[in-house]
Amino acid sequence: MFIKLNNSRIKMDLSQNNVDNNSCKENLKIIQWNARSISSKEAELIKNKHLTDIFVISETWLNRNSRNFRIKEFRLKGFDIIREDRTDKQRGGVAILVNNKLKYNIIKVNNNCNLKLEVCAIKVYLKNEEVTICSCYKPPAINISPIEWSIFFNQFNGKFLIGGDFNAHHESWGDLNNCSQGNSLISGIDINKIILLNNNAATHIDPSGKETAIDLTFVDADSALSYNWSVFKDTWGSDHFPILIKYNVPVTVNNNTFISSRIYNNKTDWEKFTKEVDIKLEAKNSTFSDQDSNALELYSIFTSIIKKALELTTPIRNKNAKNYINGKPAESKCPPSCPWWNETCDKLIRMRLTAFLKFKNSKTTDNYIEYKKICAKTKIELRKIKKASIVKFCESIDKDSNPTYIWNTIKKFKNRWNVADNQHEYSPEKIENAKILINELCPSWVKEGVPDLLSNISDPFLDGEFSELELEIALQNIKIKSSPGKDGIDYRIISALSSNAKKFLLIVFNKIYRDQLFPTEWTEILVHLIPKPSSNKLRPISLTSCLCKLFERIISFRLTWWCEYNNKLPSSQFGFRKSKSCQDNISIFHSEIIKAFKERKVTAAMFIDIKGAYNEVIPNILIEKLKRIGLSGNILFFIYKLVSYRHLFFRYGDLNISYCTYRGVTQGGVLSPHLYSIYQGDLHGVSDNNCKIIQYADDVAFYITKKTTNDALTLLEEKAYICKNLLSQLGLELSLDKTKLMVFSKDTNLTKRNLKINIDGHQISNCKTVKFLGINFHTNLNWTTHLKEIIVKCENPIRTISCLRRTWWGADPAMLLNLYKSLVQSRLEYGSFIFNDLSNKQIEEIIKIQVKGLRAALGYMMSTPNNVILAEAKVIPIHIRQKYLSFNFLSRVLSNESHPLPSILEEISEIDDSPTGNLIRNSSPLVESYRIVARISHLLPSDLRPINFTYEYDSLLFRPSVYFNEGLKIQKTTNSNSAFQKIFSETLRTNFCLFTDGSKMNAEFGGFAVFTNNLNKKHYKFRSPKYTSIYSLEAMAILEALNIIEKSNSTKFSIFSDSMSVLKSLEITSKVNKESHLILEIKQKLKILQSLGKNVDLYWIPAHCNILENEEVDKLAKDSIRNGIDTQISTPIKDFKSFWKEKTLVNFHNWCLESANTKGKYYFTNFYSNKKKPWFDKLKLNRRTIVIINRIRSGHTSAKKHLFRFNITEDPNCSCGFEESVEHIIWQCDKFNAQRKLFLKELNKYIGPSPYTTELIINSTNNNVFNSFIKYIDSLDIFV
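So in this note's numbering, the last one in the sequence shown is 1291, and the numbering has no gaps at all.
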């Protein structure tokens, strides 16, 4: 006899065992369901996912696509999916969707009835026990013997639940008749171990209305009484009823997910918080003494004040509060987490349920047909509602939309929240990997004694107190949304502090720094281990105190300037340095290889990998290195405390442990890259006349160029051994398994040779390709591999663009163009200016991927020529734009006198110019650009250091006396000159006044002038090269005025300028590296003049308002373009960017005209214009209109005449009998006579009588004409 349970027995036994049924919300809930296509039931799952923790699904129908064998994706927000798809034929398949907050791991089911049963399983870790959940599906035509069933069930031990569609009938679970498979299943089950939960309720209904129970749920006998099993009334669009199973055992939350430690919420009253902190600090200040107070005590008081203020201003959410109806707790109704669900959707579901219940109660054919019709209608209408919502969202997006909002909404519509199906799986392998990673982060290490922190060489500048401006600069560069450390205080909280509170914080910082103390909270670091997608490996995310990181940022600003100003970093190190980037490394390396090729030599390179790198830094060695370059005292103590001890709190799964580490620099720390660069600086010593080295932080390559391969490899092996020893002295280890060797040569047979080097018995063989700093280098500089990778990387961004549009509806094309430039073009452009000898085919491949994204964004036909799309979008082909990028790059490089690249390019250039140079292939795009940029290099500012780090530190922080209010008052008056004379009467009488202005017209020069309104009324005229911007000319004028002041005997000066942008730049201290060197030059000059007792005030006055002195200097500036003295002031690097851009646009224009000879003749003859922006850039048009006009302009439309050319349609004629072309639709087709009549009437009004042509209308400069055409196009019920 087969044992099963029913609901009354379960409820009785639960009450007898004193199990509280009201705790079900905290216990495990499972929904078992045969979905018959999980993808088509996505809406049902989204709507009902709040009811369950686990979905056990059969018949998922997630088969591989028969065309491209791609796996059908399915995602549900908040759930991981474990699935087993049918691969041999369509349909079938099983899955388990598990809430990613649950702790689980995947189980492999070994015995599946000889592949007859489709099955997948997981193990869920509950509060005090583990339970196996298994989803299975037996196809109807498959026969399974009792022995096979017995073997299948007997493999499950402990507590388990097996649910699915067994396609077996038996009276034991409520069927009227027994079938052979039902009998076989009964015979194969051990009744002492397995209990059936079914309660005779039907789980399936067929078209005839016959109800059967073929969806079964089996559990182990020991836990059977803890289950509650029931069937839903509705089928959710399937022909199987969903089953709700409650297991009265509390669940365990999976700690793999990231949990925020923020101490505020979105209800926090920030204005009140700011006031509360001020009140508490004011009370503290009354008893505060800077001399007597302990720094750590002050820090503790400050943080406690912040936390108490947040407690007072942040409302507490009562998690235990319940809504009550008639004295009973109300059932929680969670809204579906999809942005498109509305009341109409709920109504459709209710209508479907009503039709189903009607059919169930009266099983007639008519009722069944009606029910199926409503099912189909519900499915269609839900899709329509979803599409309408997507269309509305997409059309609401413009170029000003918040990117975060866009991505999150796309994820909601697409349910793409998890990167991998089972991203949050809890598995022993992951736990073991977590332990290994923790051991790597916290290696066994005996703490060394405290080193001597005093140095014979020191710079008291680094030990001085920090200013309010330094704190302000640090706060300008923080990310408000950064996660907090263990103390819960993040940048959002810090930024909400008042100026008084920030001053108090600065006092605390300075006292900590001066007294050489280090708060304990700064040593405590939360480390979250995040699973990597498609891998069992983990990524550590360290969360340090934001107050500590803020102080690090203040110190970093000062230390970075000091290192760059004093040339303390090795010249081969380009990582995380100002005015340097990865592109410096790859361009140097590539140019050296090109040079070797031209000299008929080989280059042997080794790309080394350092184990641990940042985590293996030994504090005492680091301190010695820092002392060697001149650090001492306070900064040494801070850095030592930062790296010598950290208390790491790890959280992952069952692991909730802490370890102490006594070595390594902080992961993600602000100072970490700088400290590591200094620590690894000895590697620069490997380089000499034979060996060169390039470094980007811990990415290092050294290479040797020789006549023969053997000579190069022999010397490289020696250098590798030296490098290994140097790293060993630093406590670092060379990872020989990951270290790569590559020999670059024009000899294609070289790759066939077994080239290798030996390092301590470990052989490193030659590779064909190596990826270094994001570039795939090939042994003969073939770019095929790299271009393939770029194309693959661009596919997902293009799909993202496709998500936001369809041909006729979607996001604003201008926004999609911006999206394209940031996601696609940036990938295509990186390192593009080193791609040498690209074939026409490779260039076409790059243009093809460019155009693919643009076609999606702008709605062009597949037949539209590439050159037309690029010309319309005003997107420059990569092979032309790479020159623009190289011009900008080389302009920066040539400003650094110590940069090795110019000398290499000069040597290559000389080889190319030699009699035999033209015979040697392998041209370098950089060399061609270098020849052009080198001609104007004398105009660039240059120094051995980055230009902006040649100025004194105090000058960077200096804030001049700049005034705007007076000028704003003058601007509001009708008589500006009179107002000026009145407001500045005293200033004009007592001060030495100077008026400055710059002017630039279409000439070979720009001009600027200075006019002094003293007794002599002198004027000074200067001119600058055509590359100089008007902004820089205005700055140069002020700089020349300061030179005049320097020579004057007066002590009070006033400079008047009509350039608000320059004066604003002087007033605001922004990122030093991004500021024009002229602004820093002015600040330094003003600082020097102030030290000489000369007071200089700068005033903004409005331009062209008939202020006599300003009008005079304006005339002088214009005249100086021809008659001025050539200035000796260097032109800023940024100013050349505009010039290179104009030059590139000319090249693009020429390319368009040249390509028009072969393709796109109609477009280039009638519509092409040499403008910088697309024709629709400033227009407020819907996507449909833009797409139609784009297609008309391109000459490639969906009119039948055009489609007939490509065999897409069989008949080129319109329904009115004439050939359907764009001209026919617009001017002739009888179907649109009514709309055309109004259109022609407006045309006659604006441009006179006919004849009219489409080209004439679209090209019209009369806005009324163009708007009438748009109105007419929108009124036509046709898509072209």
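Just to be clear, a hint being listed does not mean it is correct.
Said to hold, decoys possible - Keeping only pairs whose Cα atoms sit at most 30 Å apart, straight-line, the calculated BS3-like set for lysine-lysine is: (1) Lys514 - Lys295; (2) Lys993 - Lys1212; (3) Lys1075 - Lys490; (4) Lys358 - Lys88; (5) Lys548 - Lys799; (6) Lys390 - Lys422; (7) Lys492 - Lys422; (8) Lys636 - Lys606; (9) Lys1148 - Lys804; (10) Lys244 - Lys88; (11) Lys319 - Lys591; (12) Lys138 - Lys446; (13) Lys522 - Lys636; (14) Lys112 - Lys83; (15) Lys1152 - Lys591; (16) Lys589 - Lys652; (17) Lys1085 - Lys514; (18) Lys1145 - Lys1170; (19) Lys1154 - Lys606; (20) Lys1212 - Lys859; (21) Lys358 - Lys257; (22) Lys1063 - Lys1105; (23) Lys395 - Lys83; (24) Lys490 - Lys832; (25) Lys1212 - Lys885; (26) Lys423 - Lys1028; (27) Lys980 - Lys1105; (28) Lys395 - Lys1028; (29) Lys591 - Lys1037; (30) Lys1154 - Lys1105; (31) Lys369 - Lys390; (32) Lys492 - Lys591; (33) Lys1126 - Lys1028; (34) Lys1184 - Lys804.
Simulated from the structure, these hints should not be mistaken for laboratory data.
Hint check against the structure, violated hint numbers in rising order: 2, 8, 11, 18, 26, 28 and 30
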